[in-house]
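Chemist: Chain residues, written in single-letter form:
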Amino acid sequence: MSRYQMDKFLRDVNRDQTLARRWREGAAEVFDGYALSAEERAALARWEVRRLYEMGANPLLLLLSSMAAGKSMRGYIAALRGEAQSRA
Amino acid sequence: MAEIVAGVACSHVPFLAMHPGFEYAEEGQRNRVTAGFARARELLEAARPDAIVIFSTDHFDRCFFDNLPAFLVGVGDEAAGPATPTLPIPRARVAVAGALGRFVVSEGMEGGVDFALSEELALDHAEIVPLSFLTPRWDVPIVPIVVNAFAAPMPSLRRCHDVGAFVAGCVARFAQPWRVAVVGTGGLSHWVGPPETGKINAEFDRWFLERLARREVEQVFAKYPRNELERVAGNGGNEVRDWLAVAGAMPPGMRAEVLAYEPVAQWATGTGVMAWSA
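These protein sequence lines map, in sequence, to chains A and B.
So the first sequence is numbered by our numbering: it starts at 52 and just counts up by one.
So the second sequence is numbered by our numbering: it starts at 828 and just counts up by one.
Heads up, a few of these hints could be off.
In silico lysine-lysine, DSSO-like type, Cα no more than 30 Å apart, as pairs [as the list claims (entries may be wrong)]: (1) A/Lys122 <-> A/Lys59; (2) B/Lys1026 <-> A/Lys122; (3) B/Lys1026 <-> A/Lys59; (4) B/Lys1050 <-> B/Lys1026.
Ranges between beta-carbon positions, derived for each pair [as the list claims (entries may be wrong)]: (5) B/Ala1049 <-> A/Ser53: 35 to 41 Å; (6) A/Gln68 <-> B/Ala1040: 27 to 33 Å; (7) B/Asn894 <-> A/Thr69: 21 to 27 Å.
Since the hints were derived computationally from the structure, they do not count as laboratory data.
Owing to the predicted nature of the structure, the values given are computational and were not obtained by experimental measurement.
Yeah, the Cβ is synthetic: ideal placement off N, Cα and C, and Gly gets one too.
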């Protein structure tokens, strides 16, 4: 597990509209160049924000990258609270 | 030889400069926040600053964990932004008072504050949103000082206050007889990204504003050591470091007043404006 690599991907999505679009479109190659575990890739590919948050992704980056990829803040919050558990 | 002539501390919530977005807030709250910014602008213009030192925070659009400064001073000729396209805020460009910025960095190396510097510091909403209210003509050069407030470990609350005081000392020693205002942006309480996103702690916000107005910052340091502030004011609440920097920079005789405070649920932020004037 590499929190830095996850955060780096999310940071890049926030900066790069093409990357954000490709991520939103489900392109698998967006993760090339990041040393991500299979679990991290899966969670990112499926935009499982609660899982990503639990794995330690920076919450500000999670929100900003989600918005960059076309999610609303409301949609992000709903997804994050989906299973009503908080990180210890 | 230069002097501090005014101070402003204010929120930089992007909704302030987004349309739609600004309109999401209830009309009375919008009007009171806008009036607070208008009064801050009046006080700032009356002080006739030649430059504005602006303490703000980064949101991972300028700095990241690959190269992470605690205090980053912009020293180029100008700055523009926003650095990333995610938030639909207006584009802006403003001159940078590089001579003063470089002097601050140089004095820091001699005097115990290890500032980082950038010749190409872009702006984000932390600077663009407040300055669009305070200096809408974009005609006052700035010295941007970006404070790390989102990437632990971050400088302590006391450290940020003391860096503000240090910068004030640099202003006094600066060779040009400039009138210098100090602005700090961010906060107040808000959670950006965690499950509590949307929560506001108005009780904390009002308490904090009162401590600043009364120059009782030691109470803030004592009550919120280490990461305690984030627990009550959110990860976004860590941005009050910039308010503390302004407080640290203000000369003793300045009058501090809270110009607006509204817990704006639609903006998910305790939104405030405060000013110091002679």
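Chemist: None of the hints should be skipped; say for each whether it holds.
Modeler: Verification of the supplied hints:
no. : hint                              : result
1   : A/Lys122 <-> A/Lys59              : 19 Å, holds
2   : B/Lys1026 <-> A/Lys122            : 20 Å, holds
3   : B/Lys1026 <-> A/Lys59             : 27 Å, holds
4   : B/Lys1050 <-> B/Lys1026           : 21 Å, holds
5   : B/Ala1049 <-> A/Ser53: 35 to 41 Å : 38 Å, holds
6   : A/Gln68 <-> B/Ala1040: 27 to 33 Å : 43 Å, violated
7   : B/Asn894 <-> A/Thr69: 21 to 27 Å  : 24 Å, holds
In this structure, only the earlier hint numbered 6 is contradicted, and the remaining ones agree with it.
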